[in-house]
Structures are given as structure tokens and as C-alpha cells.
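J.: Take the sequences, apply the hints, and build the full model.
Start counting the sequence shown at 1; every next residue gets the next number (our numbering).
If you're looking for bench data, these hints aren't it; they were derived computationally from the structure.
Backbone N, C-alpha and C fix where the C-beta goes; we use that ideal spot for every residue, glycine too.
Hints should not be assumed to be uniformly reliable.
DSS-like, lysine-lysine: derived pairs with alpha carbons at most 30 Å apart [what the hints assert, rightly or not]:
#: 1; residue 1: 159; residue 2: 146
#: 2; residue 1: 159; residue 2: 149
#: 3; residue 1: 49; residue 2: 103
#: 4; residue 1: 398; residue 2: 342
#: 5; residue 1: 149; residue 2: 414
#: 6; residue 1: 743; residue 2: 159
#: 7; residue 1: 539; residue 2: 586
#: 8; residue 1: 268; residue 2: 503
#: 9; residue 1: 504; residue 2: 234
#: 10; residue 1: 503; residue 2: 95
#: 11; residue 1: 19; residue 2: 462
#: 12; residue 1: 600; residue 2: 152
#: 13; residue 1: 149; residue 2: 547
#: 14; residue 1: 600; residue 2: 536
#: 15; residue 1: 95; residue 2: 208
#: 16; residue 1: 268; residue 2: 208
#: 17; residue 1: 95; residue 2: 504
#: 18; residue 1: 95; residue 2: 49
#: 19; residue 1: 503; residue 2: 82
#: 20; residue 1: 586; residue 2: 462
#: 21; residue 1: 146; residue 2: 95
#: 22; residue 1: 149; residue 2: 208
#: 23; residue 1: 59; residue 2: 49
#: 24; residue 1: 268; residue 2: 234
#: 25; residue 1: 414; residue 2: 433
#: 26; residue 1: 528; residue 2: 640
#: 27; residue 1: 59; residue 2: 208
#: 28; residue 1: 533; residue 2: 234
#: 29; residue 1: 732; residue 2: 174
#: 30; residue 1: 586; residue 2: 342
#: 31; residue 1: 19; residue 2: 152
#: 32; residue 1: 547; residue 2: 533
Simulated DEER-style distance windows between Cβ atoms [claimed, not checked]:
#: 33; residue 1: 12; residue 2: 44; range: 45 to 55 Å
#: 34; residue 1: 590; residue 2: 12; range: 28 to 38 Å
#: 35; residue 1: 24; residue 2: 77; range: 55 to 65 Å
#: 36; residue 1: 590; residue 2: 298; range: 43 to 53 Å
#: 37; residue 1: 245; residue 2: 553; range: 41 to 51 Å
#: 38; residue 1: 672; residue 2: 77; range: 54 to 64 Å
#: 39; residue 1: 398; residue 2: 299; range: 42 to 52 Å
#: 40; residue 1: 741; residue 2: 74; range: 30 to 40 Å
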Amino acid sequence: MKLQPMVGRPVSRLEGKLKVTGAARYAAEYDVPDLLYGYVVNSTITKGKITRIDVSAAKALNGVLEVITHENRPDVASVDLKYTDMDAPPGVVFKPLLDAEVKYNGQPLALVIAEDFETARYAATLVIIEYQEEPFETCLDHNLEKARKPEKGLATMLKPPPPPPTGNFEQAFKDSPVKVDSEFRHGTEHHNPIELFATTTVYEGEGKLTIYDKTQGTVNNQLFVANVFGLHYKDVRVLSPFVGGAFGAGLRPQYQLYLCVMASLFLKRNVRVVLERKQMYPFPHRPQSYQRLRFAADANGRLTALNHLAISEASQFEDYVETVAQWSHKLYPAPNTLFEYKLASLDLFTPLDMRAPGGVTALHAIECTMDELAYEASIDPLEFRLRNYAETDPVTGKPFTSKALRECYMRAAKQFGWEKRSPAPGSMTRGNKFVGYGMATGIWDAYQFPSRVEAMITQDGKLVLNNAVTDIGTGTLTVMTQVAADELGMPMENVTFNYGDSKKPFSMFQGGSSMTASTGVGIVVAVKALKKKLLKKAKDIDGSPFKNVSGEDVAFRDGSIFLRRSPSVSVSFQEIVAANGGRPVKTTNMGAPHVLKLRKYAKATHSAAFVEVEVDKELKMITVTRAITAVAAGTIINPKTARSQITGSMVWGISKALHEETILDEKLGKYMNQNLAEYHIPVHADINELDVIFADERDDLINELGVKGVGEIGLVAMPAAVANAVFHATGKRIRELPIHFDKLL
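T.: Below, the structure is given as C-alpha cells:
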């Protein structure tokens, strides 16, 4: 009987029961003997120098073993390059407890280590720190004129600057009959994963460590620890099988890892450091941004000129960059363009990728400007986008490996009922509510990174796969098991995928909607090689009927190799392993992007979002009543986990549009709402009817699986669709996110 393919089936998460029953262990939950606890003391000023630090009262407390500060810390690497991780931007990486200098509010200044967490936390309140404060600047708006181009480095290679100007933008904009000139702002947003950042370091002796860490990249953190503390990387093992959300915050090694490892090596003991919620706000974050867009079109609604200026914050020591301004031209063609991206250095910690970094920032401004331009031209917003549909990449002229955005528009619009929309703002009502319809386009890069996978057949004839990738809640374990099962023709229950361990073969950190394409392709490559090896081993068996057959003559099904022309002739994997002396048959191979083949093509994931809002006529309270997102992302390996990714992104898009912001007091240089009570995110009452459509997009070029990621594409279009719906309901353009109801009064 032929096995039913697993790819394309809505399989429930394999680790789901472990998570909902509490059996899954996270970084701060491992039962480690003889464990010490560390608690971080953070700076209460924004900029200056420590003039005095007194730890005597804290050290005198019963149960406190040590307080590590810049004055007594152990030696660490002195070369800046040693601190650079896989995702570090250009500049000098911040080093906790390096010296007396304070660079930002909340900077870690000391680590109290005690026999229990409560004692360590109380002792931290007894540490006395005196400062000499210095003037600081944390407000982006005050520094727009000082903005500059980013430093060049590896990060600017991965996130290149905007393309050079084309045509004569200023003249074209001046001469165009339809034009819009708008400014957009959004403040800081912070990653707020439910799992707090934590590290448990097990001191194995002789410079060997086992580290349980909340991270999106086990190998990244392994190399960081080894480089900083002068250890051999093979003596550092980082484990992160379960991650309670990260959204980009775990791409780089965070300061609790550094401090925990330092304490463990210093005391030669097992140490755990868990951060409180407020201690995660001095972390990386989505940066404050300012954008000015000037778009113009001719009388027929065809774009003639595009200008996009984006200015974002950077720290004083690193130049974190995002892809922002160039998204305008990735979506829409125009003969006259001018794109600029700049940074303003502020006395804050370095920003970091947050789900759909740069893209969701840019597309809010782009798609609201397109909506406004459509109204100026008296053209339906959907029709306006169709008139400016890019059949090829507008920047390079290259064809896309696949692009089913038009199908996304049509299917989502039909299901949403876009044709029922009355064009005039404020013309649709429902009881005491104004009703608004809004739509927006989404685009995201189709990333793929090299990934090395070990594949083996065990004595019982089952398939085991090993790779260092993490699963940050996206369903990686389940999807990889599906891919492997189909590739070898085995039921899923006979496949084991081991992951989240730096000792496993190499994987990049999980981010950028890249892991299904990266690790999944690695699995395909490894299993194909394993099949060749299995056939070779089968040929070597005495009296083998496979001696003179080729790979095309055989098939693999349910733990056996059999002849296609004579299916009754077969040999089981168990027999092959037995003939191999009982040793597993295994191979390790690298899956990588087809760089040469793909250089002739543009590659991207696309989406279309349609949103309905209700706005109370008197109170101006905004409710997103329903939303639909259609996605073109190639092959969908698991519709259930993919749908979960898109709906989760849609919720975040609603949050970004209406709820989410970190309030920065520019006089204090401090974030004021460092908790989940005042950092507003949606609750159940804020989320209503959400639906997801997957376009029928076949991509035979992008990679062996024909897949593109779905982590970010569900988010990028949503904030603009909500803002456009609010305009349609009220007639007011709100160009700053989140949209507060008082702006509509």
C-alpha cells in the first residue's frame, strides 16, 4: 500500500502535548544540582560614569557568595572581534561589566550570586552605586538633521543600501498631476516573549560548559561564549530545544548569557540567571523611525515618481540597519526614483530585528501612501495597485522565481467582499459605528541559508536526523519530520528529528522566515545522499538482487528498498544495517542556496491583506472586526502550522496598528512602561474574525522543496490595511503608529 504524502497535510505539532502539559523544559527549568542564582543590577541613569560602587552590604547577607562588578570581574577577551556574533552590526559590541562607563539606561552593572533567587534579588537592592551623570540624547525627532549613512560592514552586505536614483525625481514629481507628500512616524517596540530570557550554565570542569539558553541560534551562542571566554568551541555546548517566543530578540547573545557564563567560570559552579520583565527592556528592540514619502502618478494612475526617505535610531556603538526605503521599488515600478536610508545615533541600546524588521516599518508608510494616492486619483485602491503591478522586479528587471500576488488580490478581495465597499470615507455605518474597509500589499524576502544535516538509519530501521536549528514555536520539528518522511517514504512515527543543540551539525539562527527553506532543503539533500548509500550497501549484500541496478530502478517505501519493475523484490533497512555489522548507515550533507542558478531571478513572498474596522461615532474607539490575508509562499508544507504563523502575524499587525508602543521619556532617557500591564498588546476581546488564504503558487526554481517562509509575510501588510480602513471609516489620515482614539476626536 502506498503511503500518503505528508507534505501538504495539516499535521498537529509533535511537541504540542509536551508544551500544553508543562513537560517541555525551557532554559530556566532544568533540574541542575548544586545550583547558584544570579540577579542583575541595572543602571538607573542613562549616561555617565560610576564613581563609587559599594557591594559590602550585599556580600554580608547570608547566602550571598559573590557580587561581580567591573572592579573584580575575571579577565575576558580584549579584542573587539571576539565579541562579534553572526548577527552583529558594524561597530563595537557592548561588553557588560567592562568598565565604569554607562552607555544607556538599564545597562547591567553588577551580578549578585546567591544560593537562591530571592536572596540574590534582595541583595541586589543593597548594592550602592553612585554616578557622575552626563548629558544624553534619546529622541529621534531631535536628531533628524544629524542623521547619516550607516557604516559599511557585513550587515550592509546582508541588508544593502537603497538602489541609486533613476531618472529625475524632483522634476517628475513636480510635473505629475497626482501626488502625495506624507510623513510617518512610529515609536519603539519591544520584544515581549512570554518566556523570560534565562541561562543555566552547568560547569563541567576543565573549561567545559553545558549551557541551557533562551536563544534562536545555538551555534551562534556557542561560538560567542567560546571566543569571549577563551574556551575551545567543542567544549561549549548550548541547548535550546524549547523557546517560549523570541521574534528576533534571541538572534544575538543577550547579556544574561554573558553574565551567567562569567559567574560559572569565576566560581566554578553551576549558575542560573533569569531576567525579570523590566530587565528585558534595555534589550534590543524595533527602532524609532521617521519616514517621508513622496509618490506621484499620471492621470491614468500609473506611478511616475517614488521618493522614500527613512531615518531610524542606532546606538552610539553599533550601526544596526534595516531594509526600509527600497521596499517601495521592490513592489512598484516607476521611472523616476530617489531612495535614502539614514541613522541617528542615540544613547540607547542597539536595536535588533523584530518580526519583519524594516519591512513592516516601510510597508505601513508605502501602502498608506498608495492608498492616499489612489484617493487623489479617484481610483479604487485595489485597482490602483493592479495598474502598478510589477511583473518583474522593478529594480533589476529580473523575473521572479514565482509571483502569485495577483491571485492573492483577487481571492482575498472576493472572500472579503471588497466590491461592496462604498468609496466615500464615512459613508458606511453599522448602528452607532462607522465602518471602514482597508487593504494593503505585503512582500518579504525568500531567504535560504546553508544548513548541514546528519541522516542515519538505525538498527531498528528508523530514520534519525540531526541539526542544530532551534524551534522558536513555528512548528519546525513537525515540518522537518514531514519533509524527511516523504523524502524516504516512511511514516512520520519512524522519523526522529533532533535539534536545538549546538553539538548537532551547523544551522544558522532561526529568523527571517528562512528555516523551512534552509533546514528543509538540508534534509532533502542529506536523505538523497543517504538513499544512495543505502542502495550501495544493499548491493554489497551476498546474493543481492540489487547488484546491477541504478538509483532510477529502485524506490524507497516503508523502511525498504524495492525494485520498481518487481516490487516483491526488496530489502529492508534493518537487513542493510545488519549487513553493515549492526552499525547505523549515515551521511552528513550541506544544503545550500543555488546561488548561480538564482542570480538571474528575483525571489520574494507576497501577500494581500483586507481589513474591516468599526469606529464608535462618539468615543472613536477602533475595533478590527474581521481581516483576511492571502499569501503566496510557494509550497505549503503544513497548512496548519503555516496558518498559525499567519494568524499570529495578523494579530501582531493589529497590535502594531492600534496598541503596541514603548513610551520613552526623553528627559529621563528611560522606557516608562517596562511591563505587560502598560505595554499594551491585544487580548481576546481585541481579536475577532481572522482568515488565511494560501495562493496556488508553484515554484520549481527557488529550492528543492519549492518553499518560501511564512513567518513575517502575514505581518507586513496588516498595519497599513488597518490604518487605511480607519481612514475609510473616518476620513482622517493618521500617520503615526499606534493609532490612538484621541487622534480621531
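J.: The structure should be examined with respect to each hint, and the outcome stated for every one.
T.: Hint check results:
With a C-alpha separation of about 22 Å, the suggested pair residue 159 and residue 146 falls inside the 30 Å cut-off, and the hint holds. Under the criterion of a C-alpha separation no larger than 30 Å, the hint pairing residue 159 with residue 149 is consistent with the structure, at around 13 Å. With a C-alpha separation of about 9 Å, the suggested pairing of residue 49 with residue 103 holds against the 30 Å cut-off. As the CA atoms of residue 398 and residue 342 are separated by approximately 27 Å, the hinted pair is consistent with the 30 Å bound.
A C-alpha spacing of about 44 Å is found between residue 149 and residue 414, which places the hinted pair above 30 Å, so the restraint is violated. Distance restraint check for residue 743 and residue 159: the Cα-Cα separation of roughly 35 Å exceeds the 30 Å cut-off, and the hinted pair is therefore not satisfied. Restraint check: the Cα-Cα separation between residue 539 and residue 586 comes to about 16 Å, which is no more than 30 Å; the hinted pair holds. For the suggested pair residue 268 and residue 503, the alpha carbons sit about 22 Å apart, so the restraint of at most 30 Å is met.
A threshold of 30 Å between alpha carbons decides the hint, and for residue 504 with residue 234 the separation of about 11 Å falls inside it, so the pair holds. For the given pair, residue 503 sits about 26 Å from residue 95 by alpha-carbon distance, which is consistent with the 30 Å threshold. For the hint pairing residue 19 with residue 462, the CA-to-CA distance comes to about 25 Å; that is within 30 Å, so the pair holds. Proximity of residue 600 to residue 152 is assessed by CA-CA distance (about 26 Å); at most 30 Å being required, the pair is judged to hold.
As the CA atoms of residue 149 and residue 547 are separated by approximately 64 Å, the hinted pair breaks the 30 Å bound. This hinted pair does not check out: residue 600 and residue 536 have alpha carbons roughly 37 Å apart, beyond 30 Å. Annotation: proposed proximity of residue 95 to residue 208 holds, straight-line Cα distance about 22 Å (limit 30 Å). With a C-alpha separation of about 10 Å, the suggested pair residue 268 and residue 208 falls inside the 30 Å cut-off, and the hint holds.
Between the alpha carbons of residue 95 and residue 504 the distance comes to roughly 28 Å, so the proposed pair stays at or under 30 Å and holds. With a CA separation close to 15 Å, the supplied pair residue 95 and residue 49 stays within the 30 Å bound. With a CA separation close to 21 Å, the supplied pair residue 503 and residue 82 stays within the 30 Å bound. Simply put, residue 586 and residue 462 have alpha-carbon atoms about 12 Å apart, close enough for the 30 Å limit, and the pair holds.
Distance restraint check for residue 146 and residue 95: the Cα-Cα separation of roughly 26 Å lies within the 30 Å cut-off, and the hinted pair is therefore satisfied. Taken as a hint, the residue 149 and residue 208 pair is broken in the structure, with Cα atoms around 43 Å apart against an allowance of 30 Å. For a cut-off of 30 Å, the pair hint linking residue 59 to residue 49 stands: about 23 Å separates their Cα positions. Annotation: proposed proximity of residue 268 to residue 234 holds, straight-line Cα distance about 19 Å (limit 30 Å).
For the proposed pair residue 414 and residue 433, the alpha carbon gap of about 24 Å is at most 30 Å, so the pair holds. For the given pair, residue 528 sits about 27 Å from residue 640 by alpha-carbon distance, which is consistent with the 30 Å threshold. Between residue 59 and residue 208 the alpha-carbon distance is near 28 Å, which keeps this suggested pair within the 30 Å criterion. Distance hint between residue 533 and residue 234 is fulfilled; the C-alpha atoms sit about 28 Å from each other, no more than 30 Å.
Between residue 732 and residue 174, the direct Cα distance comes to roughly 25 Å. Compliance with the 30 Å bound is thereby established for this hinted pair. Between residue 586 and residue 342, the direct Cα distance comes to roughly 50 Å. Violation of the 30 Å bound is thereby established for this hinted pair. At most 30 Å may separate the alpha-carbon atoms for a hinted pair to count; residue 19 and residue 152 exceed this at roughly 43 Å. For the suggested pair residue 547 and residue 533, the alpha carbons sit about 13 Å apart, so the restraint of at most 30 Å is met.
Judged by the Cβ atoms, the range 45 to 55 Å given for residue 12 and residue 44 holds: they are separated by roughly 47 Å. Checked against the hint of 28 to 38 Å, the pair residue 590 and residue 12 passes, with Cβ atoms roughly 31 Å apart. The beta-carbon spacing between residue 24 and residue 77, approximately 34 Å, falls outside the hinted interval of 55 to 65 Å. Roughly 50 Å separates the CB atoms of residue 590 and residue 298, a value that falls within the hinted 43 to 53 Å.
At roughly 48 Å, the beta carbons of residue 245 and residue 553 sit within the given window of 41 to 51 Å. Taken as a hint, the range 54 to 64 Å is violated for the pair residue 672 and residue 77, whose Cβ atoms sit roughly 36 Å apart. Taking the beta carbon of each, residue 398 and residue 299 are about 30 Å apart, not inside 42 to 52 Å as hinted. For residue 741 and residue 74, the Cβ-Cβ distance of about 53 Å falls outside the hinted range of 30 to 40 Å, so the restraint is violated.
When each numbered hint is compared with the structure, violations occur for hints 5, 6, 13, 14, 22, 30, 31, 35, 38, 39, 40.
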